[in-house]
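For the sequence shown, my numbering begins at 3 and goes up steadily by one.
Hints may be right or wrong, so weigh each one.
Stated by the list, open to error - Quick list of in silico lysine-lysine cross-link-like pairs, DSS-like style, CA-CA up to 27 Å:
{"no.": "1", "residue 1": "Lys-17", "residue 2": "Lys-63"}
{"no.": "2", "residue 1": "Lys-120", "residue 2": "Lys-89"}
{"no.": "3", "residue 1": "Lys-90", "residue 2": "Lys-146"}
{"no.": "4", "residue 1": "Lys-76", "residue 2": "Lys-120"}
{"no.": "5", "residue 1": "Lys-25", "residue 2": "Lys-85"}
{"no.": "6", "residue 1": "Lys-119", "residue 2": "Lys-141"}
{"no.": "7", "residue 1": "Lys-120", "residue 2": "Lys-85"}
{"no.": "8", "residue 1": "Lys-146", "residue 2": "Lys-120"}
In case anyone wonders, no lab produced these hints; they're calculated from the structure.
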Amino acid sequence: MTNEEIVRVIDIWIKESRELGSKYNWVQIFENKGAIMGCSNPHPHCQVWASNYLPNEARIKDQTQRQYKETHNKPLLMDYLTKELDKKERIVLQNENWVVLVPFWAVWPFETMILPKKQIIRLEDLSESEKHDLSDAMKRLLIKYDNLFEISFPYSMGF
Numbered sequence: 003m004t005n006e007e008i009v010r011v012i013d014i015w016i017k018e019s020r021e022l023g024s025k026y027n028w029v030q031i032f033e034n035k036g037a038i039m040g041c042s043n044p045h046p047h048c049q050v051w052a053s054n055y056l057p058n059e060a061r062i063k064d065q066t067q068r069q070y071k072e073t074h075n076k077p078l079l080m081d082y083l084t085k086e087l088d089k090k091e092r093i094v095l096q097n098e099n100w101v102v103l104v105p106f107w108a109v110w111p112f113e114t115m116i117l118p119k120k121q122i123i124r125l126e127d128l129s130e131s132e133k134h135d136l137s138d139a140m141k142r143l144l145i146k147y148d149n150l151f152e153i154s155f156p157y158s159m160g161f
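Assemble the whole structure, with the sequences as input and the hints as a guide.
Listed below in structure tokens is the structure:
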């Protein structure tokens, strides 16, 4: 896919998130690719879950991040990103608006995290340049995986 095509996918995620978010407390967008990831389709495809029930893991992460922000007056993931950028040990790639890194707590083989360089609360808050740079970061990351294994690499990705 071209970056422009990926931006169109991001725009659909934003539309779905906005529409479902007006009716439900929890909207989870995720994309899968590959039979090993449970996909019946060989191409990547997206799914959206929406519920008025906030899953336990998401609830705990939300509480933890709110507490951190109250204590430190800044978002936990922004603080974490600053430390990772200083160390430069786990950075996979970056562009003007996004950083892809391997979090120190990674539990999955080849797990990465895509973080914005400034706080973004929800997908709907992305500017045009942030959407374009997100598509660039995602595309470059997936090309790296494909090239590393010399196959069309399977993955799960969530927002």
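Hint by hint, where does the structure go against what was stated? Just the numbers, ascending.
Hint 5 contradicted; others consistent.
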